[in-house]
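Colleague: Residues per chain are reported as follows:
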Amino acid sequence: MENDNLLIKKTLQGDRNAFGALVGQYQDYVFSVTLKVLKNREEAEEAAQDAFVKAYRALASFEQRSKFSTWLYQIAWRTAIDRYRSRPRANHSLDDDQSYLQVADHGATPEQQIQQQNTRALIEQALGQMKPQDATLLTLYYLNEQSVKEIADITGLTESNVKVKLFRLRNSLKNVLTRNLRGEVKSLM
Amino acid sequence: MSTQELLWKYAEGQCTPSELLQIEKQLTDDLALQKELDQVLELQSVLVSMEPDAPSMRFAQNVMDTLPAIYPSEVTEPLISSIWKKIFWVALGALAAAIFFLPRSAQPSGDLLTPYLDPIASGISHAFGQVPTVTLQYFVLTLLSIGLLALMDKFFLRKVRGLMLV
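Chains A and B, in that order, are what the protein sequence lines are. At position 21 of the first sequence the residue is numbered 21 (the working numbering), and the sequence of numbers has no breaks. At position 133 of the second sequence the residue is numbered 133 (the working numbering), and the sequence of numbers has no breaks.
Chain A with its partners taken away, still in its complex shape (with noise of 0.2 Å):
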């Protein structure tokens, strides 16, 4: 956080090596949430790069009363999110609480899609089959390691909402495992 800090106050008296450095630092943590959101390598891509652009033209009213990290991930959560919603066939709602994990059927059972594939596998499918807000919740928990108020702050929803979701995201990862389990055991008998 030090560093960051030092980095920023360089990047404001005009090195931009300085941002430069922080760009290398975070790229794939804004990548990852912008992917999350969008789901489509090249729009979350131009998603990421527009975040930091924006950061870098904010940075002077950065107050620094939250981590960088922070700040840094809630433009790229907004700009994803504004992409997401610009989508012509985006109608469906984000905050929408019945929206935790919903596996694609793709005319088989689940337990007959996944039981070939090792855990890690068949979580990364789930999160990829969740609807954004709920795979970046995850993605903000897990991979970038912001808290629950971090997360809150990020993505406006209350840290209560925040803890209430991540909860019911995680039993649904559960029990994706277990249908998998039971589908195991059912093939080997």
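None of these hints come from the bench; they were simulated from the model. What you are looking at is a predicted structure, and each value in this text was computed from that prediction instead of being measured. Ideal Cβ placement from N, Cα and C applies to all residues, glycine included. Hints may contain errors.
Covered by chain A, per the in silico footprint, the following chain B stretches (three or more residues, Cβ under 8 Å) [claimed, not checked]: (1) 1 to 15; (2) 39 to 50; (3) 141 to 153.
Since chain A is already given, all that's left is putting chain B on it; use the hints.
Modeller: Here is chain B on its own, set in the frame of chain A:
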């Protein structure tokens, strides 16, 4: 708090001492709950070890290419370089040493000196009896001007940097 919520708190190591006692007692009594804890821990380890997605190799360069020039570095450069500051301090030190340590060789003329510069210039003319007083006056004024300019330069530089950080 439900047992499920408590289980997740336990897996994340965030239980209070009383919650810890409660869940550990439940785990001892309930085999199904133990199995559930195993699943929670398995999921937890997968989620914690997730790797971030990486953008393309050109990403950082693309960002740097599109940054606008809004923080120009020229503004924060000092107007007076450090070599001139060193010259100023050395000259001032030499002058002060001459005034205080060299023996007096002549009386001050006094007629042309202003009331403010009189004590300084008379001290200087004592030290440098052969040098015309007017020359010494200009020398002192020049040194004072450079000193004032350096102070103003420092003041405005701080102001500009302060504005950029707001």
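Colleague: Hints first: check each against the structure and report whether it holds.
Modeller: Hints and how they fare:
1. 1 to 15: holds (count 3)
2. 39 to 50: Satisfied; 8 residues make the cut.
3. 141 to 153: violated (count 0)
Going through the hint list in order, the structure does not satisfy hint 3, though it satisfies all others.
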